[in-house]
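All chains should be built: construct the whole structure from the sequences, respecting the hints.
In the order they appear, the protein sequences are chains A and B.
Using our numbering, you'd call the opening residue of the first sequence number 56 and step up by one each time.
Using our numbering, you'd call the opening residue of the second sequence number 56 and step up by one each time.
Hints listed in this document are in silico derivations from the structure and should not be mistaken for laboratory results.
Just so you know, not all the hints are guaranteed correct.
Chain copies aren't distinguished; within one or between two, either way the pair holds.
[Unchecked claim] For lysine to aspartate or glutamate, the following EDC-like pairs were computed, each having C-alpha atoms within a straight-line distance of at most 20 angstroms:
id	residue 1	residue 2
1	K58	E129
2	K272	E129
3	K229	E129
4	K58	D154
Number of protein chains: 2
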Amino acid sequence: MLKGHRTWIFDNKPVIISTGTVGGPFEAKGKIPEAFDILHGDTWLEQDSFEKAQQVMLEEACQHAIKNSPIQKEQVEFFIGGDLINQITPTTLAAKTLDIPYFGIFSACATSMEGLALAAFIINAGGANYILSGTASHNSATERQFRYPTEYGGQKPPTAQWTVTGAGCGLLAKAGSGPVVTSATIGKVVDLGITDPFNMGSAMAPAAVDTIITHLKEMGVDHSYYDLIVTGDLGKVGREISFDLLHEKGVPIKEEQFEDCGIAIYKEEQPVLSGGSGTASSAVGIYGHYLKKLTEGKVKRILAVATGALHSPMSMQQKGSIPCIAHAVSIESGSDIS
Amino acid sequence: MLKGHRTWIFDNKPVIISTGTVGGPFEAKGKIPEAFDILHGDTWLEQDSFEKAQQVMLEEACQHAIKNSPIQKEQVEFFIGGDLINQITPTTLAAKTLDIPYFGIFSACATSMEGLALAAFIINAGGANYILSGTASHNSATERQFRYPTEYGGQKPPTAQWTVTGAGCGLLAKAGSGPVVTSATIGKVVDLGITDPFNMGSAMAPAAVDTIITHLKEMGVDHSYYDLIVTGDLGKVGREISFDLLHEKGVPIKEEQFEDCGIAIYKEEQPVLSGGSGTASSAVGIYGHYLKKLTEGKVKRILAVATGALHSPMSMQQKGSIPCIAHAVSIESGSDIS
Numbered sequence: 056m057l058k059g060h061r062t063w064i065f066d067n068k069p070v071i072i073s074t075g076t077v078g079g080p081f082e083a084k085g086k087i088p089e090a091f092d093i094l095h096g097d098t099w100l101e102q103d104s105f106e107k108a109q110q111v112m113l114e115e116a117c118q119h120a121i122k123n124s125p126i127q128k129e130q131v132e133f134f135i136g137g138d139l140i141n142q143i144t145p146t147t148l149a150a151k152t153l154d155i156p157y158f159g160i161f162s163a164c165a166t167s168m169e170g171l172a173l174a175a176f177i178i179n180a181g182g183a184n185y186i187l188s189g190t191a192s193h194n195s196a197t198e199r200q201f202r203y204p205t206e207y208g209g210q211k212p213p214t215a216q217w218t219v220t221g222a223g224c225g226l227l228a229k230a231g232s233g234p235v236v237t238s239a240t241i242g243k244v245v246d247l248g249i250t251d252p253f254n255m256g257s258a259m260a261p262a263a264v265d266t267i268i269t270h271l272k273e274m275g276v277d278h279s280y281y282d283l284i285v286t287g288d289l290g291k292v293g294r295e296i297s298f299d300l301l302h303e304k305g306v307p308i309k310e311e312q313f314e315d316c317g318i319a320i321y322k323e324e325q326p327v328l329s330g331g332s333g334t335a336s337s338a339v340g341i342y343g344h345y346l347k348k349l350t351e352g353k354v355k356r357i358l359a360v361a362t363g364a365l366h367s368p369m370s371m372q373q374k375g376s377i378p379c380i381a382h383a384v385s386i387e388s389g390s391d392i393s
Numbered sequence: 056m057l058k059g060h061r062t063w064i065f066d067n068k069p070v071i072i073s074t075g076t077v078g079g080p081f082e083a084k085g086k087i088p089e090a091f092d093i094l095h096g097d098t099w100l101e102q103d104s105f106e107k108a109q110q111v112m113l114e115e116a117c118q119h120a121i122k123n124s125p126i127q128k129e130q131v132e133f134f135i136g137g138d139l140i141n142q143i144t145p146t147t148l149a150a151k152t153l154d155i156p157y158f159g160i161f162s163a164c165a166t167s168m169e170g171l172a173l174a175a176f177i178i179n180a181g182g183a184n185y186i187l188s189g190t191a192s193h194n195s196a197t198e199r200q201f202r203y204p205t206e207y208g209g210q211k212p213p214t215a216q217w218t219v220t221g222a223g224c225g226l227l228a229k230a231g232s233g234p235v236v237t238s239a240t241i242g243k244v245v246d247l248g249i250t251d252p253f254n255m256g257s258a259m260a261p262a263a264v265d266t267i268i269t270h271l272k273e274m275g276v277d278h279s280y281y282d283l284i285v286t287g288d289l290g291k292v293g294r295e296i297s298f299d300l301l302h303e304k305g306v307p308i309k310e311e312q313f314e315d316c317g318i319a320i321y322k323e324e325q326p327v328l329s330g331g332s333g334t335a336s337s338a339v340g341i342y343g344h345y346l347k348k349l350t351e352g353k354v355k356r357i358l359a360v361a362t363g364a365l366h367s368p369m370s371m372q373q374k375g376s377i378p379c380i381a382h383a384v385s386i387e388s389g390s391d392i393s
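Here is the structure:
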C-alpha cells in the first residue's frame, strides 16, 4: 500500500458516496454558487458567535452528506476533522453534535486533504465502512483570531487573501457510487523563511510544489496523468509562483491544467485581493466544485493538493517564519460513472 | 480489522521498538525520575520562549527514540503528533526539524493515544514501516495560554492540576523487539456540562469511562483481561469519579488495577493539587514508566487510556462547557519478552 516514502495507493478504491457544502452570503455572490448545497443569507447563522456559526456550518455539511447518502448516521464509524480556530473547538463541537467517534486533526488549510487521505487509508484497509471527513472556516472568526476583528477595517496588501466562510465534507465508503480515491501523498513541513502573514500564498507555494513533484515521482507518472491539479488556497500570487517553480523543476504543467480553489471561488470584482483561503477553501472547492466535474465526466482524474500555513499568531509575534505543508489526494471517476 | 463500531484489532502486531522521554526540573524531583531519558535543569532549555523549549523537548524525545533504535531517521515514513498550544506550532516546528512527513493531530491531552492508535493502524495495514508518534507540553506555556502567566501567582482550587513539562514519543515498527500494540478504541466527544477549567478531571472522567466500557465490550473481554488500566491525566479527583462510575456501570475494577499517569508522576508533597496533566502526562507516563513494567515483565497487558479536555480559552469565555474525549490503546508484552 506504501509506494515510495510518502505515498499510499488505495487498491480497494474507497468511494466518496456523497458530499455536503455550505457557504455564506459573500460566497453566494461568488463565481461558483452552484458548488454549495446550502447558502446562508448572513454570516451569524442565528448564533451568538462566529465560532458557533462555523460549527453549525460544519454540522450542516455533514448532515447534508449523510442525508444524500443511502446510509444512516449511526453507520458512520468515524469523523475526521479540524479547523483553524484555537484547539479546533468548532470541529470538536460539531463532532459532539454528530455523536460520531472522532479524530481531531490539524494541518491549517491542508486539513481537508489530511482528513481525506486518512479516511481513504482507513477504509481501504478495512478499518471502517463509512467515514465522514470535513472542515469549516469563517471569515470573521479567522480574521479576529489571526489578524484583527473585521470591524477595525484594517487595510491589507494585494498579496493578502480572503478567508472563505463555509464548510465542506465528504462521506467515504468501501463501496458505492461516486468518485474513487486512488492514492495520497503526505506533506512535509517546508519553510523558506517567509514571515509575512499577509503573503501566505508565497509561503505555501514551495510546499505545494514539493508534494506535487513527490507525488508524480513516487507514482511513476508525469503531470499529464491528471486532467487537473487543483491546489487549495494558493491564490493568484501563490499559484503563479508554484506554476513557475514546477516548470523550473522540470514539470511543464499547462496553464489550464493547474487550478486553485481560492481563485475559483470568487468573482474578479469581489475584493478578495489574491484570492480565497481558509480550511473551507479546498473543502468547498474540491467537494463542491471539482468533484462535480468528475461526476459530469468533464475530467477523469484530479490531484487535489490542499495547502496549509501552520503558523499561529503567537509564533508570528515571536518572530517565527511560516512553516507550510501540502497533502495531495488523487480522485478519479468511479467505474460506474466514466 | 474493525471490531464492533469503534475498535481496531492489530493482527500484525506492530511493535514499539523504542521510546524517548524528556522532563523538566520539577519532574526530576517527582516520583518517577527514572521514567525520563533526558531531564533538564531549567524550564527554558536555553530557548527564548517556553513554546520553543517545548518544541526542543519533543525533538529530543524523537531523536532519542531514533538513536536507541536499530534504524536511521530517514527510514521513518511518518511523524504523527500534536499538542495543546494554539495551532500546535511546537509540534509542527519539531516536524520541520525532524524533516519527516507529518500528520498534525489534536485531541488535547488524549493526543498521545490518538497518535499511537493511528500509527498502529497504518503500520498494521502496511502503510508504513516506521512511524514516530509523540507529544510535548510545557507548564509555563500552557498556563499562560489557558489560564494566567505563572508569574501572576494566581491561586487555584484543589481540583486543579499541574501541566507536565515534558515530551514522550514512541517509534512504531512492523517488526522488531518491544511491546506490541494489539488494539485501539477511538473516543467520542462526551460533555456532561462542566464549565470549570480548574476541574478537568471531573469533566474527563465520563469520557474515560465511556471509552473503557466500549473497549471491553467490543473486545469481548472483562476488566481482568488487563493487568493495568492506565488513564492519562484524570488526577485524584477524576480517577475517583471514574473508579466509582465504572463500578456503577458494572465494571468492578480493582483499586490496584486502575492507575493514572497524572498521579504517578509527582510526589505527594509536590504542590500539584489533584495531579499532573498536559499532553505530556500520558506520553511520559505510558512511554517512560508503564512500558518499563511491560518490558521488565511486571505486567503483561496494559490498556492506555489518554484523556483530553477539548475546550479553548475562547470557548470558556463564550460560556461553553468542556467537551472531553478518551482514546484507548492496548499494549502487551512482545513474544520475545514475555
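The hints, checked one at a time:
In this assembly of identical chains, the alpha carbons of K58 and E129 lie at most 20 angstroms apart only when taken from different copies (15 angstroms versus 34 angstroms within one copy). With identical chains, the CA atoms of K272 and E129 are at most 20 angstroms apart between copies only, with a shortest distance of 18 angstroms across copies and 40 angstroms within one. In this assembly of identical chains, K229 and E129 lie within 20 angstroms of each other by CA distance solely inside one copy; the values are 16 angstroms within and 33 angstroms between copies. In the homo-oligomer, the alpha carbons of K58 and D154 lie at most 20 angstroms apart only across protomers (19 angstroms), although the nearest pairing inside one protomer, at 35 angstroms, exceeds that limit.
Hint check: no violations occur; every hint is consistent with the structure.
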